[in-house]
Amino acid sequence: MKHVRAFLLSALDAATSGGRLYHVWMGCLSAVMVFGGYAYFIQLRDGLQVTGMTDHVSWGLYISNFTFLVGMAAAAVMLVLPAYVLHDVDFSKAVLIGEGLAVAALTMCLGFVVVDLGSPMRSWHLTPGIGFLNFPRSLLAWDVLVLNGYLALNLGIPLYILFTHYMGRKPNPRRYVPFVYLSVFWAVSIHMVTAFLLAGLPARPFWNSSLLGPRFLASAFAAGPCFIILMLIVVRSKTPYHVEDAAISKLAMIATVAAQVNLVMIGSEIFKEFYFPTHHSLSAQYLFFGLHGHDALVGWIRISIGLNILATGVLMIHPLRKDTRWLTAACLVMFVAIWMDKGMGLVIPGFVPSPLGEIVEYRPTWVEFAVTAGIWAFGLFVFTVLVRVALPIELGESRSPYLERRPGADRSTAAIGV
Amino acid sequence: MSSDASGPSEGTKRELTFEDVLRWQAMSRIVERSMVDQGVEDVTRCPLGDAVVPPDPPRGPGEPDVVPAEGPGSQLLAKPMGRRHALSTLFGTLLAGTQAAAACTDVVPADGTRRERLLLEFQEVLKGNFRVMSDDEKRETIQRLERLSELSRGVHVDLSGEDAQQGVLFGYAFNVSKCKGYRECVAGCVRENNQDRASGIQYIRIFEMEGGEVDFEEATAEFQHEVPREDHFYLGTQCFQCANPPCVDVCPVAATWQEPDGIVVIDYDWCIGCRYCIAACPYWARRFNWAEPAVPDDDVNPNQHYLGNRLRRKGCVEKCTFCIQRTRKGRMPACAEACPTGARIFGNLLDPDSEIRWVLENKSVFRLKEDLGTEPRFWYFMD
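In order, the protein sequence lines correspond to chains A and B. If you're matching positions, the first sequence starts at 4 in my numbering and goes up one per residue. If you're matching positions, the second sequence starts at 41 in my numbering and goes up one per residue.
Rather than coming from a laboratory, the hints here were simulated on the basis of the structure. All values reported here derive from a predicted model rather than from experimental measurement. Among the clues, some could well be false.
Computed list of lysine to any residue pairs in SDA-like fashion (alpha-carbon distance at most 25 Å, straight line) [to be verified]: (1) A/LYS253 - A/PRO139; (2) B/LYS220 - B/GLU232; (3) A/LYS241 - A/SER126; (4) B/LYS409 - A/SER284; (5) B/LYS409 - A/LYS241; (6) B/LYS167 - A/PRO139; (7) B/LYS409 - A/LYS253.
Facing chain B, a subset of chain A residues (Cβ under 7 Å, in silico) [as the list claims (entries may be wrong)]: (8) HIS128; (9) LEU129; (10) PRO131; (11) PHE135; (12) ASN137.
Idealized CB from N, CA, C, for every residue including glycine.
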């Protein structure tokens, strides 16, 4: 028990101490979170009328971010799979970053679902036992289960590994590898379930496509590794934690292949919608070309596709991909492009035109932007803290002070100063 | 019981005087006495949970399902207690305790109305899904809601929880040749169903279509000119109470379901407002309360059903219920009654002599989006 206490204390210590830049960064995130909290308070008080959503476009920026972030969470599997299952040594150090990303993305997902609810106080109705979870009929019930399960897995596995390292032991594979296998399947399932949530609606032909699930996976496995590459580059330059070049270049390869597959699928969808347009293609027409003079998303999706092609092109050229500066730029562009495509570019056109052919456009309000920024800041905050706690343990700097003194444990007790 | 109406905090601000305290004391005694008169146990003597639940208000003779409440003590002991119920009882006990304390010290104004309202609202928050409530629980929540309506807005409502009748399955037919686009049905629906006047929620949409095609893309429901317009026809939509409703399956908390008489209903208080059902409906029949709905007290239709036109709150979904509060009592829906042209035919599909059956057997009918397999119980036909 004393070890657990020491572990928590040193975690707290690691999370609250740092250089000037660290404190400025966390301070900025906190400020954005407070502002987002204020905006959410207004939304709670006045109802969802303060958002740009209407009966016609009944989901907006919140659910857009939700679908994108589920993909980010699922992308962690791209690191877990080779590191644990294939014993690829290049990945073993990157994997904690990946799992930290999954946890942060999942907290953001849950945050976006909650702020989208009209009656968040009644969300306890979802709890089996005291409430009623409509499982297995409702895909949203599936999503509640798989997201929380995935969160538990991604918290539990790294926690076990970090704690055993903290105790100066080697983690026992029998205890955690079964859960690793489970999390690999689970990662695919969270994204498929989220795709099915939309694809299962015959009322919305834009989503009602069997390609939606695979496209979700492809775009996630492009955007997710891109984000992890960016994080690894930051971690490598700001901390003594060493990540091999091979890990980054393999991740870049994964992102490249996934981005290519994603582009093929986008092309396939565009062909189907526009070779012989029917009434079911109206949403795609609205998205790419505008409908009856309504064209709010046309520029948005064209920029997204342009950036996507650009980033994929850069990643496909070997010398450019191996150059850190080009790689950083390409990853950033890819991340933004897929956020635009899979967020607003996917959710909003599903509602335009309405099932009865009426066109009402959607434009987020400042409240939605503020709440969204607040949740993103919260996610980055969580991610930073997790990385901050994990690194000293992985570097061997942080060890339980109650361990018997062994040669390897010497500097650890001095370093944390609990 | 408007004890707070003459409180000193109203209007101009001034110092508290000894007279104020005396007036409060007198007022609190009146309140207590009136509660006793109404059959409420004196809270100082019996500060237990259900004690503050008011007795049955007088009810119409047409509702025999409401049994007079037993004494609060026996109810408390005899009833098997769920977790939620235990919680609300506990809270009630605490609240009644504070009330008793307040009454004993006699310094704080005994604002019984506010406390009672708070308690009822708290019990309302903890209640379950109407679909799985026992008859007792249904009766209790209905009493609470009726009392709350009186306390919060001074409107006496007659709230029913009437079940579907045996051998009844409702269906609707819309005569496209008769509708002239007057939209009297829309106005009648809004009045009958206590829809939010501020945001202008409407269940019915009348589409003006050019002759020659049934194409919603080219039609408009927002026409603002004299009707009927030449070379145009009118086609109304609302919730079709599909036999295979996509909106019901998707609800993560089962707050919406189909009743035995075919009406798809929503438990407004169980709905968490995720709006998945709105995305799932192929006929755009569901509406969301984006703000606190506003219905002027004078305009409230007091004849209400728990699953129908009772007043909604912000953050829940609502829809047409074929006027469940009327049709389960054998009346016509408000839209059918309001229609000046006779374009709307409503009735029991299981009754071979009903007008709806005559239409289905003698007219060529069609439904919208048959390819989706939703099986609407709403047909269109022409003379």
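We went through each hint and held it up to the structure:
A distance of roughly 38 Å separates the Cα atoms of A/LYS253 and A/PRO139; the hinted pair therefore is violated under the 25 Å criterion. Proposed proximity of B/LYS220 and B/GLU232 is supported: the alpha carbons are some 22 Å apart, at most 25 Å. Between A/LYS241 and A/SER126 the alpha-carbon distance is near 41 Å, which puts this suggested pair outside the 25 Å criterion. A C-alpha spacing of about 16 Å is found between B/LYS409 and A/SER284, which places the hinted pair at or below 25 Å, so the restraint holds.
For the hint linking B/LYS409 to A/LYS241, the alpha-carbon distance of about 59 Å lies beyond 25 Å, and the restraint is violated. The suggested pairing of B/LYS167 with A/PRO139 holds, with an alpha-carbon distance near 24 Å, which does not exceed 25 Å. In summary, the hint linking B/LYS409 to A/LYS253 is not supported, as the alpha carbons are separated by about 49 Å, beyond the 25 Å threshold. With its C-beta approaching chain B no nearer than about 4 Å, A/HIS128 sits inside the 7 Å limit, and its interface hint holds.
For A/LEU129, the suggested interface contact is upheld, since its CB lies about 6 Å from the closest CB of chain B, less than 7 Å. A distance limit of 7 Å between C-beta atoms decides the matter here; for A/PRO131 the minimum to chain B is near 11 Å, and the interface restraint is violated. Checking A/PHE135 against chain B by beta carbon gives a least distance of about 5 Å; that is within 7 Å, so the hint holds. At its closest, the beta carbon of A/ASN137 sits 4 Å from a beta carbon of chain B; the interface hint therefore holds under the 7 Å criterion.
In summary, the structure is inconsistent with hints 1, 3, 5, 7 and 10 from the numbered list given earlier, while agreeing with the others.
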